[in-house]
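*Asks:* Letter by letter, the chains look like this.
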Amino acid sequence: MVTLKYDYTELEKTAKPRYVSRTVRHPLFGYIVLSLVLMAMQLLFIFGDGIIPLNVIQAVMTTMIYVVAGLGVGILLMMAGLMSFGTGAFIGLGTYMAAYVLKGMVAPYVLILFIVAAAAVFIGVVVGFISLRVRGMHLIIITLALATVLYTLYYLPNDFTGGALGVSGVPFPELAMVIKTSRDTIYFVILVVMFALIVVTMNIINSPMGRAMLSMSNSESLAQAMGINLLKYRVLAFVIATVYSMLSGVLYISYMQSSTYSTWTSGLAMNILIAVILGGTAKPAGVLIGSFVIFAVDYAFLKNIEFFTKYPQASLFFNGIVIILIIAKYPGGLIRLLGSIRNGAKMTAAKVRLYRYGPEN
Amino acid sequence: MAQKTETLMSKAAMRRIVKKRDKAYDSLVFNEKYPGVAEALIDQKQGKLYQQRELKARKKLLPLEIAALPVPERHQVLSERGLADLRKSQELPRRAVEQTYQRKLVKSGPAEADRYRGGALKRLDAQAEAKAAELAAKYSIDAAGAADSGAVERFSQAEKSELAALAALRDAQQAEKTRRMDAIRARIAAQKPKLEAAFNEANIKLQAAAKLDDAAFGKDNIFSLRNLKMYFSGIKAVDDLSFDIKQGEIFGLIGPNGAGKTTVFNCVTQFYKPTAGEIFYRDRYGGIVSLTDYKTPEIVKVGISRTFQNLELVYWLSILDNLLVGAHGFYRANLADQFLHTGRLKREEEVFKERAIGLLDRLGILQYKDMPPFGLPYGVLKKVELARTLMSAPRMIILDEPAAGLNDAETEDLAAIIRSIRDDYQCTIFLVEHDMNLVMGVCDTVCTISFGKMLAIGTPEEIQNSKVVQEAYLGSE
Numbered sequence: 001m002v003t004l005k006y007d008y009t010e011l012e013k014t015a016k017p018r019y020v021s022r023t024v025r026h027p028l029f030g031y032i033v034l035s036l037v038l039m040a041m042q043l044l045f046i047f048g049d050g051i052i053p054l055n056v057i058q059a060v061m062t063t064m065i066y067v068v069a070g071l072g073v074g075i076l077l078m079m080a081g082l083m084s085f086g087t088g089a090f091i092g093l094g095t096y097m098a099a100y101v102l103k104g105m106v107a108p109y110v111l112i113l114f115i116v117a118a119a120a121v122f123i124g125v126v127v128g129f130i131s132l133r134v135r136g137m138h139l140i141i142i143t144l145a146l147a148t149v150l151y152t153l154y155y156l157p158n159d160f161t162g163g164a165l166g167v168s169g170v171p172f173p174e175l176a177m178v179i180k181t182s183r184d185t186i187y188f189v190i191l192v193v194m195f196a197l198i199v200v201t202m203n204i205i206n207s208p209m210g211r212a213m214l215s216m217s218n219s220e221s222l223a224q225a226m227g228i229n230l231l232k233y234r235v236l237a238f239v240i241a242t243v244y245s246m247l248s249g250v251l252y253i254s255y256m257q258s259s260t261y262s263t264w265t266s267g268l269a270m271n272i273l274i275a276v277i278l279g280g281t282a283k284p285a286g287v288l289i290g291s292f293v294i295f296a297v298d299y300a301f302l303k304n305i306e307f308f309t310k311y312p313q314a315s316l317f318f319n320g321i322v323i324i325l326i327i328a329k330y331p332g333g334l335i336r337l338l339g340s341i342r343n344g345a346k347m348t349a350a351k352v353r354l355y356r357y358g359p360e361n
Numbered sequence: 001m002a003q004k005t006e007t008l009m010s011k012a013a014m015r016r017i018v019k020k021r022d023k024a025y026d027s028l029v030f031n032e033k034y035p036g037v038a039e040a041l042i043d044q045k046q047g048k049l050y051q052q053r054e055l056k057a058r059k060k061l062l063p064l065e066i067a068a069l070p071v072p073e074r075h076q077v078l079s080e081r082g083l084a085d086l087r088k089s090q091e092l093p094r095r096a097v098e099q100t101y102q103r104k105l106v107k108s109g110p111a112e113a114d115r116y117r118g119g120a121l122k123r124l125d126a127q128a129e130a131k132a133a134e135l136a137a138k139y140s141i142d143a144a145g146a147a148d149s150g151a152v153e154r155f156s157q158a159e160k161s162e163l164a165a166l167a168a169l170r171d172a173q174q175a176e177k178t179r180r181m182d183a184i185r186a187r188i189a190a191q192k193p194k195l196e197a198a199f200n201e202a203n204i205k206l207q208a209a210a211k212l213d214d215a216a217f218g219k220d221n222i223f224s225l226r227n228l229k230m231y232f233s234g235i236k237a238v239d240d241l242s243f244d245i246k247q248g249e250i251f252g253l254i255g256p257n258g259a260g261k262t263t264v265f266n267c268v269t270q271f272y273k274p275t276a277g278e279i280f281y282r283d284r285y286g287g288i289v290s291l292t293d294y295k296t297p298e299i300v301k302v303g304i305s306r307t308f309q310n311l312e313l314v315y316w317l318s319i320l321d322n323l324l325v326g327a328h329g330f331y332r333a334n335l336a337d338q339f340l341h342t343g344r345l346k347r348e349e350e351v352f353k354e355r356a357i358g359l360l361d362r363l364g365i366l367q368y369k370d371m372p373p374f375g376l377p378y379g380v381l382k383k384v385e386l387a388r389t390l391m392s393a394p395r396m397i398i399l400d401e402p403a404a405g406l407n408d409a410e411t412e413d414l415a416a417i418i419r420s421i422r423d424d425y426q427c428t429i430f431l432v433e434h435d436m437n438l439v440m441g442v443c444d445t446v447c448t449i450s451f452g453k454m455l456a457i458g459t460p461e462e463i464q465n466s467k468v469v470q471e472a473y474l475g476s477e
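For the record, the sequence lines run as chains A and B. Under our numbering, the first residue of the first sequence carries the number 1, and numbering increases by one thereafter. Under our numbering, the first residue of the second sequence carries the number 1, and numbering increases by one thereafter.
Mixed in with the good hints, there may be bad ones.
Unchecked claim - Pair ranges (Cβ atoms, derived):
| hint | chain 1 | residue 1 | chain 2 | residue 2 | range |
| --- | --- | --- | --- | --- | --- |
| 1 | B | Gln174 | A | Ala196 | 51 to 59 Å |
| 2 | A | Gly267 | B | Glu354 | 43 to 51 Å |
| 3 | A | Gly344 | B | Gly119 | 30 to 38 Å |
| 4 | B | Leu124 | A | Lys351 | 22 to 30 Å |
| 5 | A | Ser340 | B | Gln426 | 28 to 36 Å |
| 6 | A | Ser340 | B | Gln52 | 30 to 38 Å |
Stated by the list, open to error - With the Cβ distance kept under 7 Å, some of the chain B side facing chain A (calculated, not the full set):
| hint | residue |
| --- | --- |
| 7 | Gln52 |
| 8 | Arg58 |
| 9 | Glu98 |
| 10 | Tyr272 |
| 11 | Thr296 |
| 12 | Glu312 |
| 13 | Trp316 |
| 14 | Leu320 |
| 15 | Asp321 |
| 16 | Gln338 |
| 17 | His341 |
| 18 | Gly343 |
Hints listed in this document are in silico derivations from the structure and should not be mistaken for laboratory results. Glycine included, C-beta positions come from ideal geometry on N, C-alpha and C.
Taking the hints into account, I'd like the entire structure generated from these sequences.
*Replies:* Written out as structure tokens, the structure reads:
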């Protein structure tokens, strides 16, 4: 037997570079792919003639806007264990503030986002302190009351919200004072903001802050014994949720160009809440799937069916059935569906291998 | 009691200074730990890169090396490798044939199955034989001859250049590592005087404001309970309880059900604010603090860490992340760092993760590190809780019924762990326990209370022989 100096059979086992699996396993890989797909869809819509119907693009746009709010609600509900019905009202507040700024002056979009976010931090702190001593059902009632107060304020005649008529004719925003956006290009702005907030959400979940919120919702005495200041993280959760909601409002007004009080009911908040619960996790994947089911399905698909165009209210009926089925089948949320698909694929592959080659000896 | 009556500063001011001091101290601790962790990480990363480069070099050199061999060896090697490839390529088909045979045996009887297997194996064998014959013809062992001088030349040249490239890579990595480590060390050295000055300034202020001096507290003591009273609207859960705990001892608090043991714990950790009395503690800087001045989440920063009677783990986090929760108060990364995952947070996470992995390894539960606590054995989860208390580098650990729910073997194991933790981490251990075997086996001092009042204190033997204690547990005759 000749021994070779440069035999690499042993080395290959440990040193083989795994670029592909490392890329695929990156936590943001799926979101990047999704963003690219969504971007390609819009490009096809603009340049391809009628390949993508308008209602699909509208559905995607609406879903993306509400996903941004849903991410905040996900952190509030799934990480910190708190529930708020004020989301809808805060999205509305975001739209009115952005409309005010957009109509009044020419400001770069990033600045508008920052102004609204700063206002949201302030409001979030206030709400957080209001809800400090209450939890469970009483907290829900307080947020519901807050939402109703805001709703009524929007409805009352005033210059800021336009009263019952609402604000309309808001110009499309300008990015960095130079690039004017249009109905087509605002899509990309929304996509970029959504992606940035997805990254921030992932960071929150994987940081000491996220762990602190989880332990707080798990057991308050544990959290306190570990040096976690309950007050701080409770308020922080509210602040994050409020900021996300109001940013979602900015995105809404820059796409829709108008905002009326009747949209900002607690029903919208409930829909977003249901989207998060259907997703079953604070992770963006869950929120995305849940929001897709709640907001996109009837826009994108049901509108093509004659029955649903004839009776628009029937889509709610359909939504209800879907929610019941999902909750019954996947009480842990649709994120479990992803897991079970992955597991199922693995199991099937293993079964095929066993069928073909028998057990490994 | 030589207690200073005047308080030199308000509670809020004190808290501010404490925060400043803790931050400076945490930074100093982090700076001390970080270079080691960073070096290990750089080594790991560079080692991997080097291995990959080496693999590439070997892949290039091996064919050249074989070509440069003299003839009989070259032919031997080439035919061996050819045969090995053949074996490898036939491995799966052969297994598939065997599996299909088994299936056919059930489905269509032995005759049909045998016929199938015979045919299939014959085909494979024929293929193998053909290949072997081809190899034998191509690389006959009988042929002899010297190595091809051109090939030898090519091989030696390639070898030289590849080895030079590898050496260059190693040098570059070494230089890179030195550069980065120097940068880290320089940054740390630059920070050090500032941090130390900040720490000392705050520490001197705080020690001057201490309510108790060293002599009154006791030089060896780490903890002192003085006339602690905790009343719940008339019910005297703890009534005028006083005792001292010496540094480095294992102190057991026992008593019948409802004696107020857990209430004492909750008073110490400030879950309850005592009705009256003082709790003094020597913090990690040697100063004496009154625990009642602190809020509940600040207690862990003073250096007291606790476990819970019922397991309190976060079931949505992995074991490793559960341990990181224990280090929560010691992160210096602010909210912006956490939103954006800046380098500062990542560096801190590396240091804490390294500590967590070290602790898990120390307690023998490293293999569970990525699992959620669901479904893990109770003994393992208890150890996880212990490891979590150690994440905050405590000077006193409070164990609330650590043996509850453990079997005899696990309890013995636990006793050994408690002792070794005390020795390895220089901790004082204060435990409440019902399991008398554990208490009598492990404790240096045992204190018995009943209805919030002290019955007896002393070594385990003294307690066992004490009449009062026997009466409290078994009732008087």
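*Asks:* For each hint, tell me whether it holds in the structure or not.
*Replies:* Hint by hint, here is what the structure shows:
no. : hint                            : verdict
1   : Gln174/B x Ala196/A: 51 to 59 Å : 39 Å, violated
2   : Gly267/A x Glu354/B: 43 to 51 Å : 50 Å, holds
3   : Gly344/A x Gly119/B: 30 to 38 Å : 36 Å, holds
4   : Leu124/B x Lys351/A: 22 to 30 Å : 25 Å, holds
5   : Ser340/A x Gln426/B: 28 to 36 Å : 49 Å, violated
6   : Ser340/A x Gln52/B: 30 to 38 Å  : 36 Å, holds
7   : Gln52                           : 5 Å, holds
8   : Arg58                           : 4 Å, holds
9   : Glu98                           : 6 Å, holds
10  : Tyr272                          : 11 Å, violated
11  : Thr296                          : 4 Å, holds
12  : Glu312                          : 4 Å, holds
13  : Trp316                          : 6 Å, holds
14  : Leu320                          : 11 Å, violated
15  : Asp321                          : 6 Å, holds
16  : Gln338                          : 4 Å, holds
17  : His341                          : 5 Å, holds
18  : Gly343                          : 13 Å, violated
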